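Asks: Chain by chain, the residues:
There are 4 protein chains.
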Amino acid sequence: MVREVVTLEGHIIDSRVLGTVLDDVLAQGGQFKILEVHIGTTRDERSHARIEIAAENLDKMHELLEVVGKHGAIWYEAEDALLSPADMDGAFPEGFSSSTNQQTFVRHGGQWIEVRDQEMDCGIVYDTAASEFSCLPVIKIKKGQLVVMGEQGVKVVPFERQRAGGVFEFMNSEVSTEKPKHTIIRNCAMQMHAARQEGKKLLLVGGPAIVHTGAVEHVVHLIENGYIHVLFAGNALATHDIENALYGTSLGVYLDRATLSEGGHAHHIRAINTIRRCGGIAAAVEQGVLTSGIMYECVKHDVKTVLAASIRDDGPLPDVITDAMVAQDRMRDLVKEVGFALMVATGLHSIATGNLLPAWIPAVCVDISPSILTKLSDRGSFQTVGLVTDVEPFFRSLVAVLDEIEKG
Amino acid sequence: MVREVVTLEGHIIDSRVLGTVLDDVLAQGGQFKILEVHIGTTRDERSHARIEIAAENLDKMHELLEVVGKHGAIWYEAEDALLSPADMDGAFPEGFSSSTNQQTFVRHGGQWIEVRDQEMDCGIVYDTAASEFSCLPVIKIKKGQLVVMGEQGVKVVPFERQRAGGVFEFMNSEVSTEKPKHTIIRNCAMQMHAARQEGKKLLLVGGPAIVHTGAVEHVVHLIENGYIHVLFAGNALATHDIENALYGTSLGVYLDRATLSEGGHAHHIRAINTIRRCGGIAAAVEQGVLTSGIMYECVKHDVKTVLAASIRDDGPLPDVITDAMVAQDRMRDLVKEVGFALMVATGLHSIATGNLLPAWIPAVCVDISPSILTKLSDRGSFQTVGLVTDVEPFFRSLVAVLDEIEKG
Amino acid sequence: MVREVVTLEGHIIDSRVLGTVLDDVLAQGGQFKILEVHIGTTRDERSHARIEIAAENLDKMHELLEVVGKHGAIWYEAEDALLSPADMDGAFPEGFSSSTNQQTFVRHGGQWIEVRDQEMDCGIVYDTAASEFSCLPVIKIKKGQLVVMGEQGVKVVPFERQRAGGVFEFMNSEVSTEKPKHTIIRNCAMQMHAARQEGKKLLLVGGPAIVHTGAVEHVVHLIENGYIHVLFAGNALATHDIENALYGTSLGVYLDRATLSEGGHAHHIRAINTIRRCGGIAAAVEQGVLTSGIMYECVKHDVKTVLAASIRDDGPLPDVITDAMVAQDRMRDLVKEVGFALMVATGLHSIATGNLLPAWIPAVCVDISPSILTKLSDRGSFQTVGLVTDVEPFFRSLVAVLDEIEKG
Amino acid sequence: MVREVVTLEGHIIDSRVLGTVLDDVLAQGGQFKILEVHIGTTRDERSHARIEIAAENLDKMHELLEVVGKHGAIWYEAEDALLSPADMDGAFPEGFSSSTNQQTFVRHGGQWIEVRDQEMDCGIVYDTAASEFSCLPVIKIKKGQLVVMGEQGVKVVPFERQRAGGVFEFMNSEVSTEKPKHTIIRNCAMQMHAARQEGKKLLLVGGPAIVHTGAVEHVVHLIENGYIHVLFAGNALATHDIENALYGTSLGVYLDRATLSEGGHAHHIRAINTIRRCGGIAAAVEQGVLTSGIMYECVKHDVKTVLAASIRDDGPLPDVITDAMVAQDRMRDLVKEVGFALMVATGLHSIATGNLLPAWIPAVCVDISPSILTKLSDRGSFQTVGLVTDVEPFFRSLVAVLDEIEKG
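Chains as they are written, first to last, in the working numbering: chain F, 45 to 452; chain G, 45 to 452; chain B, 45 to 452; chain W, 45 to 452.
Honestly, I wouldn't trust all of these hints.
As the list claims (entries may be wrong) - Cross-link-like lysine-lysine pairs, in silico, PhoX-like; alpha carbons within 20 Å at most:
hint, chain 1, residue 1, chain 2, residue 2
1, W, K348, W, K245
2, G, K77, W, K77
3, B, K184, B, K380
4, B, K77, F, K77
5, W, K380, W, K348
As the list claims (entries may be wrong) - Which chain F residues stay away from chain G? Per the calculated CB distances, all over 12 Å, these:
hint, residue
6, R47
7, A71
8, S91
9, R151
10, E306
Simulated from the structure, these hints should not be mistaken for laboratory data. For clarity, every value in this text was computed on a predicted model and none was experimentally measured. Note that CB positions come from ideal geometry on N, CA and C, so glycine has one too.
Same shape as in the complex, but just chain F (with noise of 0.2 Å):
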């Protein structure tokens, strides 16, 4: 029998990542025993435990420790990690090794080293001047960069939703439209407001049925009381905000009514056509064209703002990026400084945004239908709080439980 000691480290016991372990080792024909186990007594206190694990021979040996090192276990036996340089621009060698979102560290030079922009998707480059690790986009790699290949020495920590606190302790594996949703509001504005107090960057990524249910007074209060740094969106959301402003239609339907406005079908394209003629949206804003509205606000209090281009747009407006992959670098850049990120009523922009976010940053997705929330979970941004709820209600809601909470 083949023996290696490997040890679990943090909130293993609420994560429930040590019965896995075992669990794991039994299913695959190993064997264990525990050698320690030390409970963390107080809440911010750690775990550990050190298992001893068995197996027959020394490939099964790396087909165990291949399965436990999933779920965090380090074997501190463990060689480093292997590297290969690219050998060409824009794809890595056959066998890299694929990131996650979440936290992951790897081995070299015998020591553990925390991955940096950790983001899922991308390989893992070596940066030999400043011996770090990053994540990097396959888009991205440059011929003779140093990219970390297969499984060895490389440490994933899973995120632990139950010592995360605030709204992920609200998180359900199933998606479900029967929740007490004012709880779960109140709790995402805490959350939000607990960020603010901090001075965590908050995200909002958003659909244009934020301006057809009649929200947008909702986010321009969010906006003027500094819920809102940063602004994910499309042209659709810009264009129907801005159609909005000028007509006080959405889709050509008065929001104050309810009713369809004669010729109003034109509305959007012209709103394009006036902000086109503008030269851009803050021009707009400038030359007094724009007066109101969420695009509006956004130019006013210098949220940054990334409009990226769909194949379905009309127009576009001029401040809408239409290349993917310049846009989504420029999300890329603005999520790193990201403390909070709620998304609504938008798959594409919220799965998106759930590819670029590292696991542990708290993210509330809502959305009235509940399959874009079980895409973005089918995804791997299993981390987001999915909210199957109604846009107007629910910012509605949100503004005025914060509203509460700031009078105290």
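Since the structure of chain F is provided, determine the placement of chains G, B and W on it from the hints.
Replies: This is chains G, B and W only, laid out in the frame that chain F set:
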């Protein structure tokens, strides 16, 4: 050529009946000559038009008259409706006239007599003693009762949406999530307030998601403020409301924390058991066992309640009517007094209510799933305004707007 | 420190029970020592583990034993379950043990006795004469019957998914539309074929969308080929099936042309009336009035049928059981013989069936709306495999695969 | 009173244009006198009607003419359309005439000239050299080009559904799941077969659920049998198709077993990396790396493909066009040749295609979520037939029916 003169009356321009009739005549191979069009010049003045239609033979003319009769065209030369005695209990003669939920007149003795108790999918029976026609469900017909046969002498007057005002002005053929929600909710509130001012009875048809989403407090507020006089629901709404009153949970989830209660999965059956031990909901209120919630308020405010059983019921509560036909009949009685219906988060009870409501009673159906609203519409309750939104935030907004309206 | 030894038995590794128990002990502040782990080496050999758990006092120990008992840990030093006589008809004593749909044992006279008629949300009563425990719905309890109280001496053995094989291997916690549909349908077919080969009864629970989507021919094929022995449905499925047989329409839409029939909105009520005139479905078949369709085949092939009324029913057909509790009881009887359940396009009847089915009976629930499947899961029928797909194409594929399997 | 004579032409009875015009005249306070109605007696003969309309003043008359002009009423005394030169690049003059996707004529030099390249939400520009009007997206307008202004001299001829035949006969305003699916699929197949026989190009617009649900083999069959000549998709469809070809998984789920692959979450990024290493999809086919699947068949059968990027893309594949406006333009070019469009499981690309397609090109949009279809319709692509069904079973049925049709 056979020629006949038909008359259209009512708000025939607003409801586009005139054009529809002319198009149909032409489409069916007939010809027409407009003899007279008189347009009402005030909102209340009705319009009328006299049209001569021509067909190549009598058969064709009868077809034409049948088609245009459906749009409310009156054929003054009409013959009386045919009556036939029921030949058995519990079934109409084959060829009976099947009713809709629209206002209907039957020609008898050369007179057009309005049908009473209008309800879709019934037969129309004649009470010789009272000289009255009324709708009767098939299950209730007794041998010998006189039943209206075929289409002759039966005239349906379609409900005129545009003139109806209030919430009906927002009526859309399309069920969409992308509508200005607060505008629609505000209009719904105004209609409810007006109905209450006019002394009409308001009906709430509700599903258990009212409790699951945390909306009990809002419904309690509505009852206390005189906005709910009749309640149609099932065992589930009552059970989870009582579970919430007794345990603070709904389906075992703490509503103020959004977390699962240990052992909470049994709370609803324990709640049922407790009420069964008391002998019923009113008895539980009297004994001080049930002291809050929707059902408590219904007892306290004398809301007329029908709790209709379904086969998925646990228990059920002693107050639940287990026979569907008995429950339906009780609903049929109560619906007669209703001037406004609010149907929330229950496909089953909403469709049941839609089956019983005449087309001219304003009804708003709220559900987070568009498919429920599409089903309601597929089943003929097309006069219902469908609102795709979330339950708790809907009630929260509704209550806030009603409070504003009352404050003036 | 108080110490007790508990034993885990069964396929504890596959079902991750061991790790879960250890984690729970630690999470609740207890400690553990693994005395023995024996892993079954063949698929059929069961594993067992003996664990000593320690708590700081007796109260804490009882908590621990309760928690681990839920995962199937047996405390051999367990005391007998407490029994208390019912003090009235129709309600259990407060504090009764509420049943789940999992296999359950009650300790009595030092023996673990398996509970019969396992069904969720019931009480457990003891039949002194037969020395048997069985589940009993609250409505049926009679004064004086002995009822199991609390958690002492009650052991639940969770259903082991991985070992179950067949369709259960595909079980997912997440309801998603993005799954390989044909693979899942093929597996469902294989399970149905195996169940038929083993002489088990197959249950179809169906909603009217079976008819609306044009799947009648496929269900007829299943009946003719011995894949449906029991049918649970409502008035709507039967009515629209008969409407289709008599008129070629469903809800007035011609199924072979997908166009609306003139006057078709009355077809379903005429169909009901016709069957009422005959005296019932079987009588209509006998009289040659009903000559095709699902209900016709059910009569011809002696499929045991429960048509349960709901308050939204028109008519209803004479065969419909109008009292929900009577219908539920008839379903309860028939469910006892069922070895596989296929539930299609009916939230109402599927949840009703899920309430009655023990967890170990394989069940597949098909609906185009994910929310129905989420509701089913929220209500405790988590063992059901949810398949989000469309009704007619589902049956078309299912029938094709079954035909292939039969041809070998 | 001001009087004008307008003429209606085309299949005005079938499309209910006559009645609509008359109703609108009355509703707007005008009067009418029918001078002549000639009904086409064969399917191909067109009808016409001449109507004198009267208004109290010239302003009112212009309003009336504008309203009835939208229904295709021709005012022979019409003045020419107003043209104005663009005063800058990339934006129209304010007040430009905004195009729809319906056939449109512009009056110029007393002649009605049909507009080319019909596309919604564009401006209409006049090419003096060619004496042609055509639609132009706002982004493409150059200073000095002549732009049609306002509504004067612009006539829209609505697409006539009833006469269209084929799949359009099944068109429903309501999106519903409760339709006879096979009938609709069969009709779709017949239309596709007819289009192929007539030498038209067929377009598939597809999302990744085609791969996730296991429908690759069916799409391959369609390509091989000449039913797909153009493909619009994103990086995701191509990536998961290639993931499936290389690893047998989609999003890491084995399609033939419906179980998650260990390490499978990285398969899609490995697939992208592999194709990037090859230099593109065609190169990967050439090098023998990619040997099956949809993208492979597209290369082999020379299907014209637009893979348009979105911001949520991983990678992307080298073949993906990252600039949305470049991709849109390539789609715009290819759409001109298309005679039938099948849009499956992609809201993004379907709405993008709907934006580009003229109303008279038959289009079927398939999605399991009704909300996608409602959105498509809300955005003006109301001519698209919406089919709520599941992807894999849809393609399975479609292929089977096409095979039957070919066998005759």
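Asks: A separate judgement is required for each hint: does it hold in the structure or not?
Replies: Against the structure, the hints:
no. : hint            : verdict
1   : W:K348 - W:K245 : holds, 10 Å
2   : G:K77 - W:K77   : holds, 10 Å
3   : B:K184 - B:K380 : holds, 18 Å
4   : B:K77 - F:K77   : holds, 10 Å
5   : W:K380 - W:K348 : holds, 13 Å
6   : R47             : holds, 39 Å
7   : A71             : holds, 27 Å
8   : S91             : holds, 22 Å
9   : R151            : holds, 38 Å
10  : E306            : holds, 15 Å
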